[in-house]
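K.L.:
Below are the chains, spelled out letter by letter.
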Amino acid sequence: MSDLSLPVASAPSVPTFRFSVAETVKHVVLILGALIVLLPFYVMISYSLKSPAEIIQGTGGFFGAQEAFRDEYCMKLGKAAADCMVTPVIYNYTTAFEKAPLLRYLFNGVVVTATIFLLQVAVALPCSYALAKLRFWGREAVFGLVLFCLLIPVHAIALPLYIGLAKLGLTNTYAALVIPWTISVFGIFLMRQFFMTVPDDLIDAARMDGMSEFSIIWNVMLPTAIPALLAFAIFSVVAHWNDYFWPRIVITGNRDLFTPPLGLREFKGDVDGDNFGPMMATATIIVAPLIVAFLIAQRRFIEGITLSGMK
Amino acid sequence: MPAIRLRSIEKSFGDTPVLNAIDLTIEAGEFLTLVGPSGCGKSTLLRILAGLEAPSAGSVVIGDRTVDGVRAADRNLAMVFQSYALYPHLTIAQNMMTPLRMRDLGFAGRLPLVGPLIARDTYRAMRAQVEETAKILRIEALLDRKPGQLSGGQRQRAALGRAMVRKPVAFLMDEPLSNLDAALRIHMRAELAELHRSLKTTFVYVTHDQAEALTMSDRMAVMMDGHILQLGAPDEVYNHPHEIRVAEFVGAPKINLLPGEVDGAGHARCDGVVLSRVATGAPSDKVTIGLRPEHLAVADKGEAGALTGRLVHRENLGSDLYLHLAVRDGAHRMVVRATPQECFHLPLGDIVRFVRKRGEALVFGADGKRLQLSPIEHTAVPEVA
Amino acid sequence: MPRTMAHWWFVGPALFLMVAIFLLPIGIAGALSFSDYSLGSAGASWVGFENYEKLLTSSTYEKMFGATFRYVFVVVPLSVGLGLGAALLISATKSFADLYKTIYFLPVMAALIAMAIVWEFAFHPTIGIVNATLERGCGTVLEGWGWYAAGCADGFPLWLTDRDYAIWVVAFIGVWQGFGFNMVLYLAGLTSVPRELYQAAEMDGAKSGWDRFRLVTWPMLGPTTVFVVTISFIRSFQVFDTVEAFYPQGGGPSKSVYVIMFAIYEKAIQQNLMGIGAALTVVFLAFVMVLTLAQRRLVERKVHYT
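Keeping their order, the protein sequence lines are chains A, B and C. Read left to right, the first sequence gives residues 1 to 311 (this note's numbering). Read left to right, the second sequence gives residues 1 to 385 (this note's numbering). Read left to right, the third sequence gives residues 1 to 306 (this note's numbering).
Rather than coming from a laboratory, the hints here were simulated on the basis of the structure. Model, not experiment: these values are computed from the prediction. Hints are supplied without guarantee of correctness; some may be wrong.
[Claimed, not checked] Here are the simulated PhoX-like cross-link-like pairs (lysine-lysine), alpha carbons at most 20 Å apart as the crow flies:
| id | chain 1 | residue 1 | chain 2 | residue 2 |
| --- | --- | --- | --- | --- |
| 1 | B | K357 | B | K301 |
| 2 | C | K94 | A | K26 |
| 3 | B | K167 | C | K94 |
| 4 | A | K26 | C | K207 |
| 5 | B | K254 | B | K357 |
| 6 | B | K167 | B | K200 |
| 7 | A | K26 | C | K63 |
| 8 | B | K135 | B | K167 |
Using the sequences plus the hints, can you model the full thing?
P.N.:
As structure tokens, this is what we get:
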């Protein structure tokens, strides 16, 4: 019934011109902020399109002049100058894929992120269902344990986990990348809160139909939990695709197992003057998937983060 | 001079008109109620008066000044909201001090810690004012508690206190009793009316409950679909509604409406029974005759001029008993008031004969407007004063 | 309720993993912190509080605490403040709100390591865009500002390789990356402030935006603020990506960016000194747990009104 007119800045009696001063000032400030926020994105994409000379001199606008330049490395390999003229954007992006096995890294990223998420769901879903809907001895204790573990930042347990994995000889494996993340207490907490809002009748009806507890989870609870799962998925995928700390610790020798952040870091490690372009191209490729997904589904992302955060 | 004048107020949200050329004059010191069903625009009108919304057209005059460009904070009005809108993080005393602080303290006085020291005298005066108001409302004991610790009725009083404390030109109330339970609501109706009498300030009250409007107001404005259908004292609106919608809205239980016809002589008949006589007019067979339940009674044996109906339901409220009758073969329902002694033995399904024992029958023309009744004469109608 | 044992199958894996991945490692870290263990060595000996003593006395760790606290106490207020400011501004504009929200949230989505490398590039003393833009302002009215004039004359700072600026640049990147997240949380909090309170404030005479903020907005954002501050604290204590990417060895120009997470990495992984690494982990854990518990207390006591 109540009207939701925005009571903040302009009282209704202030005449609202098209260009009110207050509104303009707000936009100016927001735009300045946006410029600073977007600066590194601009730099990253722009430099991934430019030749080394343009990067060093800071010329060429956003897209770079796209004039062919001479690839020094190719010269070193002894080829003729004419064969070594390349357009910057093609050079940058192809080098990004050639100099280091970027495709492999991307593949690793996908595999690791997906595996982690699926395992997290497999562990968290039944547990949160049990905590929300089943009565059993020790339920409060288990939930208390979940709450306690929520207090523990994952970085704090990195070291002992690393030692343990090293002792088991599991460093430099996919297992090492995935195992510590299979338990997501945050996921358990989130799903439990969600399940508590699901009416019991639904579950009782399924029981009356003769479903086992196990199949109730996968056939009844899973479909209803999709919104919460989506929020959790966003949270998990973003966190683990971008994770640098844990892979850095645990993958020490085997390049084939690098995740995208590690790959970029390695690239930086042997960067010299000519390779700023390809490095920026690599960065763009690594950052692009999540950014594009975000741009397509902004509402969902922001809702998901809000949901996770407010819980 | 009238306290408030609303001139040709119009309001549309996008393409939807909500208020249509409302003209309203509110006298100083009166208790005026805007009453109507949900969506009729009464809350919007109140908010336009408060200054929380701007009208699409028209102007608002408070006292002798036109306040169209003036923001709500400067209009010297106070508002009590349906949800009380008390600041949850402040004590009741602090809540009540807020309007005084905003008005009487300069920037220095309002600084968080040093303010009270700088403007010590002003603070003391404000505090005294708050306590005096709290005494009137009998909430002195609650001054140091926060709204979350109070009951609904107590919060209501606190919200009233916050409005009263700065002695505004008028109090605006937006369904303040709606969130209270039934018994408390009835109690608060009397209290608000008494408060109005003692303060002698203008009250502008918005509600959808016609009982509140009838019991508390000096004048009430019945609104529907963005129009004021009738403005007048409660008695007037109840006994002489201008049109059928007003008659239906005001009065509980709802007025009984029967289709009828008027002949050349002005007799208004339903089912052959003459129920009333209108002053003038062409004969018509599309009139509606309104009979209030409390004006009807079960007919004595052999009494003339009675209508009949079949008893389908009985409502025993203890003090009153209402018989629900299906008349005209079930096409219409009527409610007749009776005493328990009269009717307790009547079984459901029986045919009941009833007559108008008191009051007037209201006759409405095809356009819904009430037709004038002819003065009492010796006619065939059992006229009752 | 059915009496099955099914729940143990459901809870079992989670329970086992919680013990194995959370509780056990904490215990091990605690135990190791009292030893001088190294990975690959046969055994370890008990050294009592020696590791902790080192933490409290050695100048390296003094720098570590200095760097960490400088970072945390810059990043948290700024990212919370900017998050709140952005949320307030965006909720007060009539148009393009979604666009601004999206832009400000982008840094949160982008891999920090990647964006850090780009920022490093932008802050490069000679070919970076920051100094290039600053150079362009030379010869204009901006030279009225002393620092700017000095920069035009002698050259602008080296930023990440400069002992006086390095930690602040790293902190800036941390703020850049984090404030969008806080903004989203604050936007959600703002929508839950009851509209009628603003109307009541208006009727009470609160005319300026500042009055409304103090009377309604800030108090009603209490729970959100506590949450945002806690999250920001925890995230900033955990900073690692930027530091390791910029300064793979040594923690910055004269260790000015030697934050605690990096110290753990250096000591435990690079130098294989598990004992002291464990001690650092325990200290880190203590900070975070104290913070989180303090948040819980605050929320329960001061900030819940209804």
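K.L.:
Now look at each hint and say whether the structure bears it out.
P.N.:
Hints, verified against the model:
1. B:K357 with B:K301: Answer holds: K357 of chain B to K301 of chain B is near 14 Å, not above 20 Å.
2. C:K94 with A:K26: holds, 10 Å
3. B:K167 with C:K94: violated, 36 Å
4. A:K26 with C:K207: holds, 19 Å
5. B:K254 with B:K357: Holds. K254 of chain B to K357 of chain B sits at ~18 Å (cutoff 20 Å).
6. B:K167 with B:K200: holds, 11 Å
7. A:K26 with C:K63: Roughly 41 Å separates the two Cα atoms, so the pair is violated.
8. B:K135 with B:K167: holds, 15 Å
Checked against the numbered hints given earlier, this structure breaks hints 3 and 7; the rest are met.
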